[in-house]
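There are 2 protein chains.
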Amino acid sequence: MMPSKNHIDRSIKTVSGLVHKTLVLTCSALNAMTGAQLYFKCENFQKMGAFKMRGAIHAIQNLSEQQKASGVVTHSSGNFGQAVALAAKNLGVTAYVVMPENAPSVKKEAVKGYGAIVTECESTLEAREKTSEKIQQETGASFLHPSNNLDVILGNATAGVELLEKHPDLDYLLVPVGGGGLIAGTVLAAKYFGHNCKVIGGEPFAVDDAYRALQSGKIELNESTNTVADGLRTHLGDKNFPIIQELVSEIIRVEEEEIVAAMKHIWQRMKIIIEPSSAVPFAAVLREKEKFRDKKVGIILSGGNVDVTKLPF
Amino acid sequence: MMPSKNHIDRSIKTVSGLVHKTLVLTCSALNAMTGAQLYFKCENFQKMGAFKMRGAIHAIQNLSEQQKASGVVTHSSGNFGQAVALAAKNLGVTAYVVMPENAPSVKKEAVKGYGAIVTECESTLEAREKTSEKIQQETGASFLHPSNNLDVILGNATAGVELLEKHPDLDYLLVPVGGGGLIAGTVLAAKYFGHNCKVIGGEPFAVDDAYRALQSGKIELNESTNTVADGLRTHLGDKNFPIIQELVSEIIRVEEEEIVAAMKHIWQRMKIIIEPSSAVPFAAVLREKEKFRDKKVGIILSGGNVDVTKLPF
Numbered sequence: 001m002m003p004s005k006n007h008i009d010r011s012i013k014t015v016s017g018l019v020h021k022t023l024v025l026t027c028s029a030l031n032a033m034t035g036a037q038l039y040f041k042c043e044n045f046q047k048m049g050a051f052k053m054r055g056a057i058h059a060i061q062n063l064s065e066q067q068k069a070s071g072v073v074t075h076s077s078g079n080f081g082q083a084v085a086l087a088a089k090n091l092g093v094t095a096y097v098v099m100p101e102n103a104p105s106v107k108k109e110a111v112k113g114y115g116a117i118v119t120e121c122e123s124t125l126e127a128r129e130k131t132s133e134k135i136q137q138e139t140g141a142s143f144l145h146p147s148n149n150l151d152v153i154l155g156n157a158t159a160g161v162e163l164l165e166k167h168p169d170l171d172y173l174l175v176p177v178g179g180g181g182l183i184a185g186t187v188l189a190a191k192y193f194g195h196n197c198k199v200i201g202g203e204p205f206a207v208d209d210a211y212r213a214l215q216s217g218k219i220e221l222n223e224s225t226n227t228v229a230d231g232l233r234t235h236l237g238d239k240n241f242p243i244i245q246e247l248v249s250e251i252i253r254v255e256e257e258e259i260v261a262a263m264k265h266i267w268q269r270m271k272i273i274i275e276p277s278s279a280v281p282f283a284a285v286l287r288e289k290e291k292f293r294d295k296k297v298g299i300i301l302s303g304g305n306v307d308v309t310k311l312p313f
Numbered sequence: 001m002m003p004s005k006n007h008i009d010r011s012i013k014t015v016s017g018l019v020h021k022t023l024v025l026t027c028s029a030l031n032a033m034t035g036a037q038l039y040f041k042c043e044n045f046q047k048m049g050a051f052k053m054r055g056a057i058h059a060i061q062n063l064s065e066q067q068k069a070s071g072v073v074t075h076s077s078g079n080f081g082q083a084v085a086l087a088a089k090n091l092g093v094t095a096y097v098v099m100p101e102n103a104p105s106v107k108k109e110a111v112k113g114y115g116a117i118v119t120e121c122e123s124t125l126e127a128r129e130k131t132s133e134k135i136q137q138e139t140g141a142s143f144l145h146p147s148n149n150l151d152v153i154l155g156n157a158t159a160g161v162e163l164l165e166k167h168p169d170l171d172y173l174l175v176p177v178g179g180g181g182l183i184a185g186t187v188l189a190a191k192y193f194g195h196n197c198k199v200i201g202g203e204p205f206a207v208d209d210a211y212r213a214l215q216s217g218k219i220e221l222n223e224s225t226n227t228v229a230d231g232l233r234t235h236l237g238d239k240n241f242p243i244i245q246e247l248v249s250e251i252i253r254v255e256e257e258e259i260v261a262a263m264k265h266i267w268q269r270m271k272i273i274i275e276p277s278s279a280v281p282f283a284a285v286l287r288e289k290e291k292f293r294d295k296k297v298g299i300i301l302s303g304g305n306v307d308v309t310k311l312p313f
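Heads up: the protein sequence lines correspond to chains A and B, in order. In this text, residue positions in the first sequence follow this note's numbering: the first is 1, and each later residue adds one. In this text, residue positions in the second sequence follow this note's numbering: the first is 1, and each later residue adds one.
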């Protein structure tokens, strides 16, 4: 079922005051480089450093009081684990986060630092899911999927809404595509708050499941996770794929070196820190300059959680 | 002669529309880390990436039309060369920038990219000054000193004014101290636009000429330039020292490893790129937490021009 404008209106109210209304930045140097007018929605400045906070807050707020009392559980080695941990803490809810035992200790510490109960497991999807289910059974906690959950998607949509409220005349809105939770939310924002604003996904060639899914008409998997854009290694799900399939205009794929170059341009010219996944849409604009020339192009910079001592350049 | 409030009022009008009114950012994580309320004035987002644009624009605008027609000259291996180059370009004035032949080619290219005429010379102060004088004689260009020039100081003051207009009740305003042009301007801003706002300089122990000058009552030199804060290796001058001597509350010195740690905290928690010199005031707050606890503290993040492939962490 396609969410309605009412759903989005409610999600805006629900997250209000609980997430940052992040800045929209422009950069004359990057405009000159592309020939487009670029509007960057800085979710790298969001609480815990990524848009994921929006979906986590919205999903937890939509639980019943009884559900909240039993806590929430997710499995994630990335930003969503941190988002659930911080959102739960801020809402007074217990969070259980299942993490692979080989996850970087800095990430485990971040999740623990937000007060979540971390359970380690083997580094396979099966082990993660099994461990999550066990916690659900033992505690009654509600499971929150990072991207394939309608309340997460509706929370994510608020980033695009905020951008379109400031710049209602965007011709394009570009976001990175990983699990599909951000692009599904964004395309709903564009449908209800844009004026013929086309939503385009940026995706690494190495993990181009969304590109292939739009071609084949069914969810596709990735055979590799070999991309610098570590937030985009996952695949679409049955909750977000129908929305993406119906509303997304196009997926533009980019090479690894294009991602690194785009990231470096944004760091050097905008003086802001973004993670590699966030550079993918700008890489797509650079790759297809003609399409975007003289257009107003919104880009959601999805996050800024990167180990500054281990950069790809 | 101490500049008056009228001088500052005029400088605000002069630079208006020609420099960015940069953002003021806050960060709850860094507030929690220090116990202070911190307000960061983001001159790293200024045109060409540093506050130096303000002084360059103001100084060039204060030349007569005849002077403008003959151009401007400066010698700099750092941000002021870029600032003069871009300011001159934007104002339709010819800029001559003398740079040491061993300056990084990326810096030379940046200055040339802004349209300035670059003259290379030996890497000594004597050679730089001689080359500048020769250009002055040959072209009639006006010499602009990066920090020891009253019009540069008055232009720099506008950063502090903008911060105090947003937050008039700051208890402290901290800036890095190099040649003294920023702190002299800032302390004038605090005198005329603050309410008992104390201005404190942050300085590396390795190049603590300003700290020693305030003790001895005369301009001191540095015996070493061995600091990661490459913008702070110079010493005070006869135009800015009297202002600093009369109005600055204190200089806090910090160790090299404190500068690097402070820089890393700002990168990681604020997701913005600052150069090492800009981290010195925050390092000073971390070093003397008790002084700043529960106080409202403004910090001018002076610039963001750093080679992201050569980081000190």
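Don't take each hint at face value.
Copies of the same chain are indistinguishable here, so a pair counts whether it falls within one copy or spans any two.
Derived BS3-like pairs (lysine-lysine); straight-line CA-CA distance at most 30 Å [as the list claims (entries may be wrong)]:
id : residue 1 : residue 2
1  : Lys108    : Lys264
2  : Lys296    : Lys89
3  : Lys296    : Lys21
4  : Lys68     : Lys310
5  : Lys130    : Lys13
6  : Lys296    : Lys68
7  : Lys191    : Lys130
8  : Lys89     : Lys134
9  : Lys198    : Lys89
10 : Lys5      : Lys112
11 : Lys289    : Lys68
Calculated directly from the structure, the hints in this document are not laboratory data.
Going down the list of hints, with the structure as the test:
1. For the identical chains of this complex, Lys108 and Lys264 are neighbours both inside a copy (27 Å) and across copies (20 Å), given an alpha-carbon limit of 30 Å.
2. Taking the shortest alpha-carbon separations for Lys296 and Lys89, only the inter-copy value of 27 Å comes in at or below 30 Å, while the best intra-copy value is 38 Å.
3. When the C-alpha separation of Lys296 and Lys21 is checked against a cutoff of 30 Å, the pair qualifies both within a copy, at 21 Å, and between copies, at 23 Å.
4. Taking the shortest alpha-carbon separations for Lys68 and Lys310, neither the intra-copy value of 38 Å nor the inter-copy value of 47 Å comes in at or below 30 Å.
5. Within a single copy, Lys130 and Lys13 get their C-alpha atoms no closer than 35 Å, and across copies no closer than 65 Å, so neither meets the 30 Å cut-off.
6. Taking identical chains as interchangeable, the C-alpha atoms of Lys296 and Lys68 are never at most 30 Å apart, the minima being 41 Å within one chain and 37 Å between chains.
7. Taking the closest pair of Cα atoms, Lys191 and Lys130 never come within 30 Å of each other, the shortest separation being 37 Å inside a single copy and 64 Å across copies.
8. In this assembly of identical chains, Lys89 and Lys134 lie within 30 Å of each other by CA distance solely inside one copy; the values are 22 Å within and 66 Å between copies.
9. Taking the closest pair of Cα atoms, Lys198 and Lys89 never come within 30 Å of each other, the shortest separation being 36 Å inside a single copy and 37 Å across copies.
10. Taking CA atoms no more than 30 Å apart as the test, Lys5 paired with Lys112 passes in neither setting, with 36 Å inside one copy and 52 Å between copies.
11. In this homomeric assembly, Lys289 and Lys68 never come within 30 Å of each other (Cα to Cα): the closest approach is 47 Å inside a single copy and 38 Å across copies.
In summary, the numbered hints that this structure violates are 4, 5, 6, 7, 9, 10, 11.
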